[in-house]
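A.B. asks: The chain contents come next:
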Amino acid sequence: MAIKTEEMVLNMGPQHPSTHGVLRLELILEGELIVDVKPHVGYLHRCFEKHCEAMTYPQVVPYTDRMDYLSSMYNNFGYAVAVERLLGIEVPERVEYIRVIMGELQRIASHLVAIGTYGLDIGAFTPFLYCFRDRERILSLFEMTCGARLLYNYIWVGGLSHDLHPDFVRLTRDFLNDFKPTIKELNNLLSYNKIFIERTANVGVLPLDTAINYGMTGPNLRASGLAFDLRREDPYSIYDRFDFNIPVGEGTHGTVGDCWDRYYVRVLEMYESIRIIEQALDKLPEGDVTSAIPKRIKPPKGTIYTRVENPRGELGYFIISDGSLNPFRVKVRGPSFISLELMGELCKGHLVSDVVAVLGSIDIVLGEVDR
Amino acid sequence: MGLLDQQFSDSNIVITKAEDLMNWARLSSLWQLGFGLACCAIEMMATSASHYDFDRFGVIPRPSPRQSDIIIISGTVTLKMALRIKRLYEQMPDPKYIISMGSCSNCGGPYWEHGYHVLKGVDRVIPVDVFVPGCPPRPEALLEGLLKLQEKIRMETLRKKSV
Numbered sequence: 001m002a003i004k005t006e007e008m009v010l011n012m013g014p015q016h017p018s019t020h021g022v023l024r025l026e027l028i029l030e031g032e033l034i035v036d037v038k039p040h041v042g043y044l045h046r047c048f049e050k051h052c053e054a055m056t057y058p059q060v061v062p063y064t065d066r067m068d069y070l071s072s073m074y075n076n077f078g079y080a081v082a083v084e085r086l087l088g089i090e091v092p093e094r095v096e097y098i099r100v101i102m103g104e105l106q107r108i109a110s111h112l113v114a115i116g117t118y119g120l121d122i123g124a125f126t127p128f129l130y131c132f133r134d135r136e137r138i139l140s141l142f143e144m145t146c147g148a149r150l151l152y153n154y155i156w157v158g159g160l161s162h163d164l165h166p167d168f169v170r171l172t173r174d175f176l177n178d179f180k181p182t183i184k185e186l187n188n189l190l191s192y193n194k195i196f197i198e199r200t201a202n203v204g205v206l207p208l209d210t211a212i213n214y215g216m217t218g219p220n221l222r223a224s225g226l227a228f229d230l231r232r233e234d235p236y237s238i239y240d241r242f243d244f245n246i247p248v249g250e251g252t253h254g255t256v257g258d259c260w261d262r263y264y265v266r267v268l269e270m271y272e273s274i275r276i277i278e279q280a281l282d283k284l285p286e287g288d289v290t291s292a293i294p295k296r297i298k299p300p301k302g303t304i305y306t307r308v309e310n311p312r313g314e315l316g317y318f319i320i321s322d323g324s325l326n327p328f329r330v331k332v333r334g335p336s337f338i339s340l341e342l343m344g345e346l347c348k349g350h351l352v353s354d355v356v357a358v359l360g361s362i363d364i365v366l367g368e369v370d371r
Numbered sequence: 001m002g003l004l005d006q007q008f009s010d011s012n013i014v015i016t017k018a019e020d021l022m023n024w025a026r027l028s029s030l031w032q033l034g035f036g037l038a039c040c041a042i043e044m045m046a047t048s049a050s051h052y053d054f055d056r057f058g059v060i061p062r063p064s065p066r067q068s069d070i071i072i073i074s075g076t077v078t079l080k081m082a083l084r085i086k087r088l089y090e091q092m093p094d095p096k097y098i099i100s101m102g103s104c105s106n107c108g109g110p111y112w113e114h115g116y117h118v119l120k121g122v123d124r125v126i127p128v129d130v131f132v133p134g135c136p137p138r139p140e141a142l143l144e145g146l147l148k149l150q151e152k153i154r155m156e157t158l159r160k161k162s163v
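Sequence order for the protein chains is A and B. Here the first sequence is numbered in this note's numbering, starting from 1 and rising by one per residue. Here the second sequence is numbered in this note's numbering, starting from 1 and rising by one per residue.
Read the hints as simulated data drawn from the structure, not as lab findings. If you're wondering where the values come from, they're calculated on a predicted model, not measured in any experiment. Treat each hint with caution, since some may be false.
[Said to hold, decoys possible] 25 Å max Cα-Cα, derived DSS-like pairs, lysine-lysine:
1. LYS80/B with LYS331/A
2. LYS283/A with LYS295/A
3. LYS120/B with LYS50/A
4. LYS50/A with LYS80/B
5. LYS38/A with LYS80/B
6. LYS50/A with LYS331/A
[Said to hold, decoys possible] Beta-carbon label-pair distances, calculated as ranges:
7. TYR192/A with LEU158/B: 40 to 48 Å
8. LYS86/B with ILE320/A: 23 to 31 Å
9. TRP112/B with LEU208/A: 44 to 52 Å
10. ALA18/B with TYR192/A: 49 to 57 Å
11. ALA25/B with TYR305/A: 55 to 63 Å
12. ILE3/A with ASP53/B: 29 to 37 Å
13. ASP53/B with TYR192/A: 27 to 35 Å
14. VAL9/A with PRO93/B: 27 to 35 Å
15. TRP31/B with ASP243/A: 49 to 57 Å
16. GLU26/A with ARG124/B: 25 to 33 Å
17. GLN7/B with ASN11/A: 48 to 56 Å
18. ALA25/B with ARG170/A: 43 to 51 Å
19. ARG124/B with ARG170/A: 31 to 39 Å
20. LYS148/B with LYS4/A: 53 to 61 Å
Here a beta-carbon is modelled for each residue, glycine too, at the ideal position from N, C-alpha and C.
Put together the whole structure using the sequences plus the hints.
C.D. replies: Next up, the structure:
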């Protein structure tokens with residue numbers, strides 16, 4: 001005789017150490033098994049679109065910083081590319097190279113936080129300290145360039161706020177040389193750790209067709225086995241000049257598209273970012289970084305959608321211009337928001353303790369989910 | 001013990017005021033509620049990680065408000081979040097202290113003018129002991145804020161909390 005059971009609702013968050021910010025997950029359980037997960041967002045809604053209506057085009061840049069605060073440089077980058085396309089202006093070569101260097105450094109810093117906090121969620125504390133130690137060095141490179149550690153306001157429409165510090169190239173090379181062996185160390189410490197593999201392999205498997213149907217992008221999509229990277233598919237800035245690979249998930253320890261794959265794709269991407277930075281540092285031309293900044297930004301009437309490959313996936317800016325100094329509307333397509341919708345799909349049938357593993361592996365930033 | 005280590009051959013008695021002893025104990029192990037709101041939370045994490053090492057001041061993140069002594073409001077407090085923060089504060093045992101970290105929780109910060117969903121200062125819902133300015137404050141600034149809080153606790157008497 002079957003025992004009649006009842007579903008139980010459990011709230012996780014908004015104050016929870018593993019939700020990576022203020023997110024509430026409504027877990028619907030049958031015993032210990034997950035039936036469904038409903039994310040409740042809006043605890044960090046900071047009115048980005050409302051601010052864009054009231055600000056002029058350059059004034060929007062600091063607000064893009066605060067959207068995805070782990071990859072501020074890249075948010076600036078995407079916005080600058082969008083407005084430049086709307087205006088139809090070209091930026092100097094040096095600016096493009098510096099933007100790529102900064103963007104890729106930011107990608108490494110962002111992945112380091114993702115990896116470190118993922119370890120923390122699973123129960124490994126030491127990798128977090130290793131990751132933050134290396135991240136501090138990237139932050140000091142940024143600080144040396146523009147004076148800020150976290151929110152930079154560095155990449156402006158048509159140029160950059162400051163030129164590089166004279167020591168920047170040397171210190172960046174030093175950092176990259178020191179950092180390469182550290183990734184190996186990190187792999188030995190966390191990636192190939194038996195306990196870590198047991199917790200992540202075969203958990204939260206995301207089949208490729210589901211990923212595409214939901215509109216997943218970035219490392220989460222690539223972990224499911226499709227080499228789709230906007231830097232290659234739809235090149236912006238000068239990404240078509242660099243030689244780099246696109247790592248994809250291979251299901252080394254379980255199924256393709258499981259949590260371990262999503263984690264490991266990020267580790268491999270750090271190697272590729274290092275390669276891009278090294279190539280860009282070799283070819284870095286001389287020039288003035290502020291010469292192309294327009295005195296007054298007043299784009300013609302029209303709309304534009306531009307997408308860039310943020311550390312978390314496709315970051316799209318949809319800008320409507322009514323021909324005035326302020327944008328009529330700036331709509332952002334954030335990758336984290338779309339990844340979060342998959343939580344229910346990924347957690348179904350798993351245990352409660354796996355929710356933390358799945359949530360950490362899709363690497364969301366709540367500032368960008370809620371905007 | 002450090003300073004007093006190996007200094008005395010016999011067991012000894014230390015005479016002090018009860019208040020001083022309690023304040024010393026309180027300010028040396030301020031367990032913090034591990035609770036991040038927005039961008040400042042990343043700087044708060046950086047403060048407790050390798051480079052700045054919050055642990056040496058006795059600040060250890062705890063997952064539950066019932067085990068913590070201080071709460072660092074690190075980031076933008078939205079209207080939806082404000083009531084939750086109030087509830088978290090009420091769940092903490094006395095004595096409890098609050099550090100408001102960053103412009104957003106001090107006064108609304110960059111969202112002051114057009115942020116229809118942003119609380120203009122967390123002191124509108126809970127009493128704040130130390131305000132740390134900056135957007136976001138550097139880890140050194142947060143450490144300074146914590147030292148100021150420790151100074152404040154040192155001044156407390158059994159009759160009243162210092163202001």
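A.B. asks: All hints are to be evaluated individually against the structure, with a verdict given for each.
C.D. replies: Okay, the hints, checked on the actual structure:
1. LYS80/B with LYS331/A: holds, 22 Å
2. LYS283/A with LYS295/A: violated, 29 Å
3. LYS120/B with LYS50/A: holds, 16 Å
4. LYS50/A with LYS80/B: Roughly 18 Å separates the two Cα atoms, so the pair holds.
5. LYS38/A with LYS80/B: Given pair LYS38/A, LYS80/B holds - Cα atoms ~18 Å apart, limit 25 Å.
6. LYS50/A with LYS331/A: holds, 10 Å
7. TYR192/A with LEU158/B: 40 to 48 Å: Distance hint for TYR192/A, LEU158/B is violated at roughly 56 Å.
8. LYS86/B with ILE320/A: 23 to 31 Å: Given about 39 Å between the Cβ atoms, the range is violated.
9. TRP112/B with LEU208/A: 44 to 52 Å: Hint holds: Cβ distance 45 Å, inside 44 to 52 Å.
10. ALA18/B with TYR192/A: 49 to 57 Å: holds, 54 Å
11. ALA25/B with TYR305/A: 55 to 63 Å: Since the Cβ atoms of ALA25/B and TYR305/A sit about 59 Å apart, the hinted range of 55 to 63 Å holds.
12. ILE3/A with ASP53/B: 29 to 37 Å: Hint violated: Cβ distance 52 Å, outside 29 to 37 Å.
13. ASP53/B with TYR192/A: 27 to 35 Å: holds, 28 Å
14. VAL9/A with PRO93/B: 27 to 35 Å: holds, 28 Å
15. TRP31/B with ASP243/A: 49 to 57 Å: At roughly 50 Å between Cβ atoms, ASP243/A and TRP31/B fall inside 49 to 57 Å, so the hint holds.
16. GLU26/A with ARG124/B: 25 to 33 Å: holds, 28 Å
17. GLN7/B with ASN11/A: 48 to 56 Å: holds, 54 Å
18. ALA25/B with ARG170/A: 43 to 51 Å: holds, 49 Å
19. ARG124/B with ARG170/A: 31 to 39 Å: For ARG170/A against ARG124/B, whose Cβ atoms are near 49 Å apart, the range 31 to 39 Å is violated.
20. LYS148/B with LYS4/A: 53 to 61 Å: Holds: the Cβ-Cβ distance is about 59 Å, inside 53 to 61 Å.
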